[in-house]
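Next come the chains, spelled out residue by residue.
Number of protein chains: 2
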Amino acid sequence: MRKHASEIEKDLNLAYLELAKGREPDGQQPPSPPPDDFKLIGTPTSRLDGFLIVTGKARYTHDLFFDHLLHGKILRSPYASAEIMSVDLSAAQSLPGVEAVIQLKEGQVKYEGEPIAAVAAVSEIAAEEALRRIRVEFRQLPHVVSPEKAREEGAPRVHDSGNVEKFNEYSRGDVEKGFAEADVVLERTYKTAVEIHHTAETHASIAKWDEDQLTVWDSTQAIFSVRDGLARALNIPASKVRVIKTYMGGGFGSKLGVNDHTVIAARLARQTGRPVKITLSRRENSLCVGNRPSTLITIKGGAKKDGTLLALSMTNYTCGGIGRGDRSSEPLIDIYRCPNVKVEEYTVYTHTCASRPTRAPGHVQGTFALEGFLDELAAELGLDPLELRKKNCTTANQGDTGLPYSSKGLLQCYELGAKKIGWSRRNKKPGETQGVKRRGLGMASQIWWGAGVPGTLADVKIHRDGSVEVVSGTQDIGTGTRTYMATIVAETLGLKPEAVTVKIGDTVYPWAPSSGGSQTTPSVAPAVREAAMQAAAELKKLAAKKLEASPGDIVLENGRVKVKDNPERSISFAEAARELRREAVFHGIRGDLPGGFAYNSFGAHFVEVEVDVQTGQVKVLNVVAAHEVGRVINRLTAESQVVGGIIQGTSASLFEERLIDESTGQMVNPNLQSYKIATTMDVPEITPLFVDMVDPRINNLGTKGLGEPPRIPIAAAIANAVYNAIGVHLREIPMTPDRVLAALKKKEANP
Amino acid sequence: MRKHASEIEKDLNLAYLELAKGREPDGQQPPSPPPDDFKLIGTPTSRLDGFLIVTGKARYTHDLFFDHLLHGKILRSPYASAEIMSVDLSAAQSLPGVEAVIQLKEGQVKYEGEPIAAVAAVSEIAAEEALRRIRVEFRQLPHVVSPEKAREEGAPRVHDSGNVEKFNEYSRGDVEKGFAEADVVLERTYKTAVEIHHTAETHASIAKWDEDQLTVWDSTQAIFSVRDGLARALNIPASKVRVIKTYMGGGFGSKLGVNDHTVIAARLARQTGRPVKITLSRRENSLCVGNRPSTLITIKGGAKKDGTLLALSMTNYTCGGIGRGDRSSEPLIDIYRCPNVKVEEYTVYTHTCASRPTRAPGHVQGTFALEGFLDELAAELGLDPLELRKKNCTTANQGDTGLPYSSKGLLQCYELGAKKIGWSRRNKKPGETQGVKRRGLGMASQIWWGAGVPGTLADVKIHRDGSVEVVSGTQDIGTGTRTYMATIVAETLGLKPEAVTVKIGDTVYPWAPSSGGSQTTPSVAPAVREAAMQAAAELKKLAAKKLEASPGDIVLENGRVKVKDNPERSISFAEAARELRREAVFHGIRGDLPGGFAYNSFGAHFVEVEVDVQTGQVKVLNVVAAHEVGRVINRLTAESQVVGGIIQGTSASLFEERLIDESTGQMVNPNLQSYKIATTMDVPEITPLFVDMVDPRINNLGTKGLGEPPRIPIAAAIANAVYNAIGVHLREIPMTPDRVLAALKKKEANP
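Those protein sequences? They're chains A and B, same order as listed.
Just remember that the working numbering sits 154 ahead of the position in the first sequence, which is counted from 1.
Just remember that the working numbering sits 154 ahead of the position in the second sequence, which is counted from 1.
Check the hints yourself; a few may be wrong.
Note that identical chains are pooled: a pair holds if it fits in a single copy or bridges any two copies.
[As the list claims (entries may be wrong)] Below are the BS3-like pairs computed for lysine-lysine, each with C-alpha atoms no more than 25 Å apart in a straight line:
(1) Lys657 x Lys394
(2) Lys259 x Lys544
(3) Lys394 x Lys211
(4) Lys899 x Lys259
(5) Lys899 x Lys211
(6) Lys573 x Lys650
(7) Lys394 x Lys650
(8) Lys583 x Lys657
(9) Lys259 x Lys591
(10) Lys193 x Lys544
(11) Lys573 x Lys773
(12) Lys545 x Lys591
(13) Lys303 x Lys331
(14) Lys582 x Lys650
(15) Lys700 x Lys574
(16) Lys545 x Lys582
(17) Lys320 x Lys695
(18) Lys718 x Lys700
(19) Lys331 x Lys193
(20) Lys544 x Lys901
(21) Lys657 x Lys345
(22) Lys574 x Lys458
Calculated from the structure, these hints are not laboratory results.
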């Protein structure tokens, strides 16, 4: 059994107080906080590539064309479970314009959409026709596509080892003891549906060989990971593969790591000696590139009358198709002080495509369950749900490390959000209002990681004509990476962001991690800052010589290099750059994280909903999202990130669900007509708020990541608001009108 | 007047002796010489890209195609001197398939081939037709195309400032006093023709814009210089320009810096929004991309009876068309001990294309004159010409610096070459043999620079799968740069050269200088070595941990990482690489040159010829080329470099001459049918020899450059061999049969 944080914390509140006073727990002074006199960092800056994107000039992978380009298409299994008896490629091969036909698979297929064969042809039409001419003889096998059925005895086996596998357990303290000591014990079960990553841009790859060197243009969140994955799949050295990403329209986890179609494009290109492009259809996007696993989570919790949590247990049955489901217990383990915790998580296998990380994997589902449960517990205890959360707030990570947080602004999030939404307006008793359209307020908290990856690299290059580049092998997945890179360099060198050329998305550039897990900003921004600081120091040194001053007295601002307090003595930035012998490159690295702290980000969403008790429709009116992510680099794109997360989360909470016909094993809504996502009319008013806090330890800018956080608490906050409106707690995502009506009906039956 | 080296040298021979004993002139110990226990460095290694090149798979700029590519063509002046009265582009613009027509020039044109207008069209044929439809009205102006005519009073003025301009003068001691003290004084005049850089691949550029970012694929020796030149020409920041060079087929100086056609391609591409390729024809190559200036050099020299040089003076009239001619006095100033030297150099302007550096600019012409003169002086003194050179050999640079050479193997070159050719076989009296075909031996010495450019960068990248890259923004101009880069890394990491992926020729890579002036190897090789040493150190550290040994006891060899003297304890290179957290990049830099030394390379060519006194034909039978270039990195490509230089020099010495019709001002041989270059049948047997010497100071490999050296002394060595064969000294390049016959006739008339 692992050691509980509280055991080593002694007195959490004291430690927190000490931290707040600016002292380390061991009595040492904290490091100097990063400077706060920034002119650009922290302000709203329009995306430098925004004009290109909104005018359609930004070129995405599918927009790229090459001389002698071929189009690749993939033949996929129509069956969830079948044996391939024979494959006849001959009719496809003899079709004019078809340059290659390859078989990818023999034996058993285990999900609808599994690749069987692929073609490369001079046109998309020829490639499609060739697919139609491939003859595959199948023997259908029994399938199981619902996790409930898969858990039944005698269900068709997905893997030889069985359909259910425990993959995570955790425990601290003694939950049974905790339950015994509790004034109130409650047990509830929550369910979440499979959600498809519906990226605006579907997956696309172009592969091109120059002798033994492979170059791939890919719509990806992870150029280095795709490079290494391709090298392994093709059994060639990583040094022979280059991956380039230009612009991309969303990934949400489905573009991490190398995809099947990318390897297939590379194989077809090698065979034909010509570049091959494969762009997946919306249908393929629905069937074959992953999804968010479903969960079935039972939480049992016990608390004292005053709301002090004494014990929490969780059992999760999560289904990731032929792959593993999501570990969903982290929020329950980490976020609130609770001495006795026990977790068991099981994955359930079905004959569906393997799941993939989907924006805040596990946390979305686990938070829906945990934060919903807490509201039910608060109601049971007759407490304000917000007060219950404050009561159990902690200053140290409750999981394995037990370390104090480097910074934690969750209490401030509560304060900001409650004030903005008007928390006192809520129904004091859930469902106490009347009428057809009933309003309610709800809230939920969130914890996430996103401290950044040590070893991330960025270069700043100063040309002798005064032009400036910032270069890193990171990728902009739609979040504004280019813009904050330019902003940080501009801030440090006293330039405008427009004056900085940003080069990213190419594995020939310095290493940076995959863009996922809220890691990009806290990885790349500090490396950029570090390189820019070095560049500034060198320019100050050169300018000091020219201006006959000390480097310490030189300042860089407004495109000029000046002697402090002596505005007469200055030269332009370009004149200073001309003092370089030649272009100078400064290498920045995101260093290691100081030990002794837990690095997490926090947030709380406050939601107002209106529920139509006749139609069952839930309308989200208003969302106030308060987040603590250390320093906000670009207020505009940070707010966009929050707005995007909430739109996506609102959509998934209310509408989204992969539907599979159990008899055929086939998905019935592999398209955006029948798989519903939120439209503009469904989007609430959203108010992003940030706690004005700089993490003094995490990195040289005091900034944390913000990719996942806004996606995490929204579902629970909506469910809690619905509860507040109609007195019925919805324990299933999506909260569709039929589920609302069914819950209301059930309540009527058992008031 | 500058201070002569001898004044600060005190006793040259003593200093030389001290150096030879391994002591610095000031009594200090020299630095440790670079290690000599190399397994790969110094051995002959086949070019890693050789197979691709000889099978036609290597893709040169002209071989690259892009989607929507346009072809650009340039309309050029047919006149050497004319005024453009009007240009009518309309008929060209209205031609189907023509996407852009631009006027480049107004007012006066000053050489045949000067660009006037350009077109971009969907095919080369359409572009050519469009050129034909451009109507230009010229008013012809008087022209002057021969330097002799240009120096005449009343000649048409090429530039307003006049046709003759002094551009270099140098003096040390008192030449008049030297001549007065001399036992023999001689004065001779030497003439060299204009030579065209006939690169196997003519110039080609492709320009492509992505919004405000310009990418140019260029057949160039200097990607960074082309990048910066383009930025200046187009008035855009250098950060917005990227230049890529794939393979290229020779430059010899004509591909240094940005060319007109490259800027034109960029302008056409910007205007059309499509990529534009311009490949120059052989005719354009002859007319418009530079040439080696002609020279008319008069040397006067005085010596004591024993051969001791007392005074040398030189007057050079060099013609570089509308540009400046070549400074040709460096060999005369630097290479031999001579207390009194005086130089005056004048450029003569004509209405021909501006010259360009051409493999060993100035040194080729100056060495032809100087080394020819020395043979004439030796004959006058009755001395062996080799003895005359040895007599005046020096250990310190005789020019401005007066510093001792970091290493100098010229005496060893004399020894090796004389032995190999059988120097004692020569005619003791020039022209003493009889018969129709007469043989003779001649030799000449050479000095050049090539110490490398401090600040050159190279990265070594180790992937976790054990694959290795070496990356530098250098370019392989046909000399084997890729191969020695791989060899140095392989040597340092205990791998095979084939295991190292080389990435060069892209301005996104770390900075490296232009490939010219014999600078590439001594710039890039030390940077690569430095990066590889860092990589080796890191891998040793990681492996030491795994093998439980001290890093100092770890050796990298044969693809394994071993504990020294304990072959049992070892892991594979890939296993060691797997210990890295991720791909690791090591930055190497070629550091500053230690002060206090002159850095030069040396060589001597020994030639045997057969002259047919009936036809005047000179046949070069045999060339022994002995060079001292510090450490030879790759013996095979070094030998190829020597062989190439000698073929090129033999060709220029015997055949090559740009011919211009004085009445029309037009070149009469702008093609390879009438401009003669050597064929295989004209190529002598060539024996490259290298002095086994490592420069202990120049860099971490002790290596110097070898681009120019083999091109420098060959003409003089052939002329001296002809002199030895027939007793007539040819003072004009090319040594065509008519010139040989004319010289023989003149000798008969004045025996």
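Hint by hint, here is what the structure shows:
1. Lys657 x Lys394: both (21 Å within a copy, 10 Å between copies)
2. Lys259 x Lys544: neither (55 Å within a copy, 77 Å between copies)
3. Lys394 x Lys211: between (31 Å within a copy, 17 Å between copies)
4. Lys899 x Lys259: Close neither inside one copy (50 Å) nor across copies (85 Å); limit 25 Å.
5. Lys899 x Lys211: neither (52 Å within a copy, 75 Å between copies)
6. Lys573 x Lys650: Neither: 36 Å inside a copy, 68 Å across copies.
7. Lys394 x Lys650: So Lys394 and Lys650 pass the 25 Å test across copies only (16 Å; inside, 38 Å).
8. Lys583 x Lys657: neither (55 Å within a copy, 69 Å between copies)
9. Lys259 x Lys591: Neither way: Lys259 and Lys591 sit 54 Å apart in one copy and 76 Å across, limit 25 Å.
10. Lys193 x Lys544: neither (35 Å within a copy, 70 Å between copies)
11. Lys573 x Lys773: within (22 Å within a copy, 99 Å between copies)
12. Lys545 x Lys591: neither (33 Å within a copy, 111 Å between copies)
13. Lys303 x Lys331: Result: close neither inside a copy nor across copies, 35 Å intra and 112 Å inter.
14. Lys582 x Lys650: neither (51 Å within a copy, 76 Å between copies)
15. Lys700 x Lys574: neither (54 Å within a copy, 57 Å between copies)
16. Lys545 x Lys582: within (18 Å within a copy, 110 Å between copies)
17. Lys320 x Lys695: neither (61 Å within a copy, 40 Å between copies)
18. Lys718 x Lys700: Within one copy, since 14 Å is at most 25 Å while 53 Å is not.
19. Lys331 x Lys193: neither (55 Å within a copy, 72 Å between copies)
20. Lys544 x Lys901: neither (30 Å within a copy, 113 Å between copies)
21. Lys657 x Lys345: Answer is neither: 43 Å inside a copy and 53 Å across each miss the 25 Å cutoff.
22. Lys574 x Lys458: For Lys574 and Lys458, neither the intra-copy (30 Å) nor the inter-copy (102 Å) Cα distance is at most 25 Å.
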